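Enquirer: With chain L fixed as given, assemble chains E and X onto it according to the hints.
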Amino acid sequence: MKNRLIVSVSPHLHKDASVSKIMWMVVVSLIPAGVAGMFIFGVGALWVILLGVVSALITEWIVQLFAKRRVSVLDGSAFLTGLLLAYNLPPRVPFWLPIVGSVFAIAIGKQVFGGLGQNIFNPALAGRVFLMASWPKYMTTFTKPQNFDAITSATPLAALKEGKVLEGISNWNLFLGIRGGCIGEVCIFALLLGALFLFVRGYISWHIPVTYTVVVGLFTYIFGPRGLFSGDWLFHILSGGLILGAFFMATDYVTSPLTRCGQIIFGIGCGLLTAIIRLWGGYPEGVSYAILMMNAATPIIDRYTKSRIYGTR
Amino acid sequence: MKKYFYEFLKGIIKENPTFVLVLGLCPTLAVSVSVINGIGMGIAATFVLLGSNVIISLIKNIIPARIRIPCFIVVIATFVTITEMTMKAYSPALNRALGIYVPLIVVNCIVLGRAEAYAQRQTVLKSLFDGLGMGVGFTLALILISGIREALGSGKFLGYTLTPRYEPAFVLGLPSGALLVIGLLLGFFNVLKNRKE
Amino acid sequence: MRETIRYGFILAVICIVASGLLAGMNSLTKSRIIAQAQTEEEAALREVMPFGEYFDPIKKGEDIIYYKVRNKDGKFIGVAFKASGKGYSSVIDTLVGMTEDGTIVAIKILNQNETPGLGARVAESSFRGQFSDKNIQGLANVQAITGATISSKAVIDSVQEKAKEIQKLIKDEK
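Sequences listed follow chains L, E and X, in order.
Going by our numbering, the first sequence opens with residue 1, and the numbers climb by one from there.
Going by our numbering, the second sequence opens with residue 314, and the numbers climb by one from there.
Going by our numbering, the third sequence opens with residue 511, and the numbers climb by one from there.
FYI, nobody ran anything at the bench for these hints, they're computed from the structure.
Keep in mind that this is a model prediction, so the values were computed, not measured.
For each residue, glycine too, the CB sits at the ideal point set by N, CA and C.
Take the hints with a grain of salt, since some may be wrong.
DEER-style ranges, computed between Cβ atoms [claimed, not checked]:
hint	chain 1	residue 1	chain 2	residue 2	range
1	X	679	L	218	34 to 42 Å
2	X	679	L	169	46 to 54 Å
3	L	173	E	508	51 to 59 Å
4	E	382	X	560	52 to 60 Å
5	X	653	E	475	27 to 35 Å
6	X	648	L	43	37 to 45 Å
Chain L with its partners taken away, still in its complex shape (with noise of 0.2 Å):
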């Protein structure tokens, strides 16, 4: 495959990607495993999107308005942000869940650092975290695919990290989506369409994410419940929040290190620290606390990644 858009440090060619048009493009690349969340969980799941993405372009527009910023709101950064928080939730949350989520991410994940490209961590990831640690009770409580008398269930991951015995899931149902999760996570076949088509259009590098699944299934594989060598890497990296995060939420242009180099250390990071918490951390997830470790980390990777200016120290 050919590179086509190349993120690095300046000097820079005109080219005609605005940060609009990449950002509305992630929104269609989203679009499949949307759809396919529906299908699995019901049109409730249509509804938390909804509720996402409209409170998160409301947040957007007023407080631009109030901080008297020029209005953006169509830009299609808090499209995408209200998008990304509302895929990762699961499907049957209270109403007020994803809105308070959204004006979490927006107003103080994204605006109160400035705006778009100056915020420090992922404003869906914050969005999502501030969520999980102030209601865990309802991001914890699944409920069961293709079954909409919601029936609550652990994810793959939680029964795992209780110690259950995985039964009835076979790799093949986990590739579908056929299981309880977040509403955009499960479907991994609509991911990789949309992440394919990314990176076909040149509108992600190859380095976070490849680098990021890689990480996780060696990691996992090697430190296995039978001693080395034994884990199930297939499992780990299908179950989760892992390719949304790699491919969609870790590739964040604002958030993860400008050049190549820069990129493959970020991506071992986010690997490393999500198998971490995966095999030993209270939680049964780490994709979102990773993501977001590696983004406070970000600044310092671009310092020692960044290509010198000829003549500087």
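Expert: Positioned in the frame of chain L, the structure of chains E and X alone reads:
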């Protein structure tokens, strides 16, 4: 009289220890879970500040500059221990709630900071009003922070449930919630200050 | 050299004055602090053994192992004891009141520092109340708090384990 009043007042807004001097944040983070804890901590710290400021400005002439810090610490620690004993004897509930944080007033930077920056070179009366003002400023800041945290984090105020339909955001009861609230309030006050200038 | 001695002397004087003050304060408050601790303990004991009137500490060396509880008429009605177990983020101390045949009267969480809203809910009566009137053998059907399995289990297991231990102690005595 007016200048003493100024010394008192400056601790509340202009040089508020929490929001302007940004001192003593560790106890602030730790105890601001509920308003009653905040008030208790504020009163205890005010008492210590008052006592240490007065004593230090009284004995400032006999303390040699090179050993001033150990001298200050002994004075402060004495007052803290007295406070702790009094609390244990007369308000065990508060003592249990504030627990380890009361002995930690010894290292609360507000107390040592005022001794170092103010009391050791000012008159006794001025130091007294400075200590009182700083203490009240600290208490008010604690009430503000813990008020927000208690209302949103557990849906209560001073232990009374505000509305049973509210689902509290637990994160505000955690230390990370304290950082969040303090950070946003600091930013808010800076915005206000910049608008005024 | 002279300077150093002078510094030491000044510091010593300050320390002596300070310790004098503290000694005075200590003698003033000591009896009250002890009395406070006692009333608090008694209130807690009464909460887990509402019909108890006399609580006699059974000691092993300096440590209190459990309390023998007698009612108004001086009749032996049960025991009260402390159990502690490692929860999610802290050690949870529980005070338990139990009749002789191993039925729990009530429990009270004395100390815990679990996650607010999750593990900290072990102190709420909806969880705590489930223990009342249950035999220690039947604690398995105490419902754990959703999302706080570790904290709930810490309380259940520590109470059960300690209760068996105490029960054995009483039997041996007889």
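Enquirer: Hints first: check each against the structure and report whether it holds.
Expert: Here is what the structure says about each hint:
Here the CB-CB span from residue 679/X to residue 218/L is close to 53 Å, at odds with the stated 34 to 42 Å. Judged by the Cβ atoms, the range 46 to 54 Å given for residue 679/X and residue 169/L holds: they are separated by roughly 49 Å. At about 57 Å, the beta-carbon gap between residue 173/L and residue 508/E stays in the expected band of 51 to 59 Å. For the pair residue 382/E and residue 560/X, the beta carbons lie near 54 Å from each other, so the given range of 52 to 60 Å is met.
Under the hint 27 to 35 Å, the C-beta atoms of residue 653/X and residue 475/E, about 28 Å apart, fit the expected range. At about 44 Å, the beta-carbon gap between residue 648/X and residue 43/L stays in the expected band of 37 to 45 Å.
In this structure, the one hint that does not hold is number 1.
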